[in-house]
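S.K.: Given chain P, work out where chain E should sit, using these hints.
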Amino acid sequence: MADKRLWVSSSPHIRSKETVTDIMLDVIIALAPAAVMGTYYFGFRAAAVIGVSVLAAVVSEYLFCLITKRGSSVNDMSAVITGLLLALSLPVSVPLWVPAIGAGFAIIIVKQLFGGLGQNFLNPALGARAFLLAAYPVIMTNWNQTQSGRVFDAFTGATPLGHLRSGGILTAVDLQRAFNGNILGSIGETCAWALLLGFAYLLIRRVISWRIPVLYLLVFSLLVPLFAWMAGRGGSILTGNWLYEVLTGSVLMGAIFMATDYGTSPIAPKGQIIFGAGCGVLHAVFRFYGAFPEGTTYAILLMNICTPLIDRFTRPGFLTRGRGGNGYSQNRF
Amino acid sequence: MKTRTFRRGGVYPPDCKHYTDKKSIEAVFPAEGEHMRYALSQHIGEACVPVVRTGERVLAGQKIADSKAAVSAPVHASVSGIVRGFTDTLVPSGNTVTAIVVENDGLCENHPGVLPENIQDESIARLKPEYIISAIREAGIVGLGGAGFPTHIKLSPPKDRVIEYIIVNACECEPYLTGDHRIMLEERECAITGLKIIMRLFPAAKGIIAVGSNKMNAVNMLGNACAGERGIEVAALASRYPQGSEKQLIQACTRRNVPDGGLPSDIGCIVINISTVVSVERAVRRREPLTRRVITVAGGAIARPGNYEAPIGLSFDALVEAAGGFRKSPVKFIFGGPMTGVSLHNIDIPVTKTSAGLLCLTQKEAYIPPEKNCIRCGKCAARCPMGLFPYDLNKYAIAADDGMFAEINGAACIGCGSCTYICPAKRHLTQSIRDAQKRVVLRAGRPRSQRGGDTEYGG
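Chains P and E, in that order, give the protein sequences. Per our numbering, the very first residue in the first sequence carries number 1; after that it's consecutive. Per our numbering, the very first residue in the second sequence carries number 1; after that it's consecutive.
Isolated chain P (complex conformation) (with noise of 0.2 Å):
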């Protein structure tokens, strides 16, 4: 019974049913609480700025498509992430077109030029967050906020780091505050239990491995009292206390949803180890002796690059020969 009708394909001949869209739909939802409490505590305006980001980023992606020619991607909303990403790593006094020019430079520049999804060897956000803070040093580091905003304005016009760094003393703020997001900076970076929410929902979800996160925040914050140590505390710009320099700042934005995509940290376990730990030490080397008050942007945007090397140095092979084995046990992803 032949038959023109006929299917025929190599084998397996099932697949999973999950998608990239369901992956990419999991991160959304993971980054929602964080957007959500930040649009609470920084009013209207972080919504505008986040719909601004998201828009941008879609509409970039879908040009993209178009104008090259190819299928469009729009549909698996890896986007929205990148415009989400984005706007959550901005202050909110932007002017609602910096997210606009970040989102297209994030997509067409630093994401489609390279091949698209999977292909980018920077983080597409974080790459649109460095080149919007060259170029626009001031309004990037506007920390004031907006009428509307709830925030227990303690520091004005600083995030409790550029308080630390310029000589201010760690007396207003307490880790509860930090904890809870009640502090400046950029919209989605402050509340930590929102974060934390999110990384919990990633893992639950097997989106991301605790590998990354986990290392890059062990290390930092044993980093963290070692730098007091070595500065001798007096009049420097640390606290000493680990609790509160991860709560404050980007880390855990960074460690939770940047160092984890995908495309741009090592697959092996072993890799994944040791960008976290690379991340960690950079991370905590630029908030300690960088220009500006934090460093995440280029702690990780530094280990991106280093992926491919760590990738080759960790897959199986590679002075394993014969042994075998990619790191991965029992079924723990």
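It should be emphasised that the hints constitute simulated quantities derived from the structure, not laboratory data. This one's a predicted model, so the numbers in the text were calculated from it and none came from an experiment. Hints may contain errors.
When the alpha-carbon atoms are kept at most 30 Å apart in a straight line, the in silico DSS-like pairs for lysine-lysine are as follows [what the hints assert, rightly or not]:
1) E:438 <-> E:426
2) P:17 <-> E:395
3) P:69 <-> E:426
4) E:364 <-> E:426
5) E:426 <-> E:68
6) E:328 <-> E:206
7) P:17 <-> E:22
8) P:17 <-> E:328
9) E:128 <-> E:63
10) E:22 <-> E:328
11) E:426 <-> E:395
12) E:196 <-> E:23
13) E:426 <-> P:17
14) E:2 <-> E:206
15) E:196 <-> E:206
16) E:364 <-> P:17
17) P:69 <-> P:270
18) E:63 <-> P:270
19) E:23 <-> E:68
20) P:17 <-> E:23
21) E:196 <-> E:22
22) E:23 <-> E:2
23) E:328 <-> E:395
24) E:128 <-> E:159
25) P:270 <-> E:426
26) E:196 <-> E:63
27) E:364 <-> E:22
28) E:395 <-> P:69
29) E:159 <-> E:206
30) E:2 <-> E:22
M.R.: For chain E alone, kept in the frame of chain P given last:
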């Protein structure tokens, strides 16, 4: 009972066994005048040479093709009838081979070589190893789980190897397939006797019947039947894919690892499929050659899915007819299970010794979403039971970079398909890796039996 399993990777596809696992084995007989085709190569090793001439009358169970080569297995007629000649035919593996055509005369006359009565149990205990091996060889028995390696060769490991474990593979981890499950339920005495016969060859060996835990009724039934037997253990293994793959099975049962490029006998193990064990029992007890096998016919397009014992050489067309024909229009025919089976454009091809299943899928069942960009999520590497990086292998395979492909252990891929199953971007990883393996093997000229991809999955 605690279930055992392999260490690394693996997937849990929906097992789809409920369609047929309660259907008793039903014998299918060819119609009078039906042209049976006996492929001369139904096993790994040298193809056979016909020992009958056109026009000659052959009897059921008569040897019609054989080979002098060491690694080979003879072919027997499954019906009585007249040899009508030779033809080239497609076989379920996707190859085209020469086959002997026999027209069934419908008389079912048995060859006198097949004993009318079973040898009694007491005489089995006195059988010499040489007799057992030669009976298995003469019966043309090969691995029925899918690999088709001649069983008498498998049971004759190098003299310096001490075999400590005979592992009977009854995991049947491929979705849809239920033939082995039914055999365990319906032929358990044969299976246990068959194992005892094999264990006579290896006095130091312990027998383990490894059954997937999705077949607990078989585990319990065999467990009760073996309760008084010394040296035979029934083990429940996780219903996790690819549990039935040789290396993963050995790891689960013995915690030993087959070295790269090595054989199970190197670490004191022999793995043999449950259906093969039953055939061994028949071959030794009645000198009955391998002329029939159980095939699961399933899929949404089949009117009466079930487990059919079909004569080797019968056309799959006739088998589908016996299964009630099509209920819906099929769009895909898979020979074997959905994870490692071969899809072909035709079912007018003969049943061979290694055909474990025929799936006739409807459009909905057969749909495979379009391939997208790799997002480097790493799920393929996390699920690879061999600890490989399928996404990397795929990249080098597509770029035809055979050097890098070999460098990252591409040859160790067993082709189980777990990576491709789990891939959210639906990339065709197994396909490109298999192609690259073939290319590398062709160039290196290594024999097929030394590659990684020869394990049995049906079982």
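S.K.: Mind listing which of the numbered hints don't hold for this structure, in increasing order?
M.R.: The structure breaks hints 5, 6, 17, 18, 19, 23; every other hint is satisfied.
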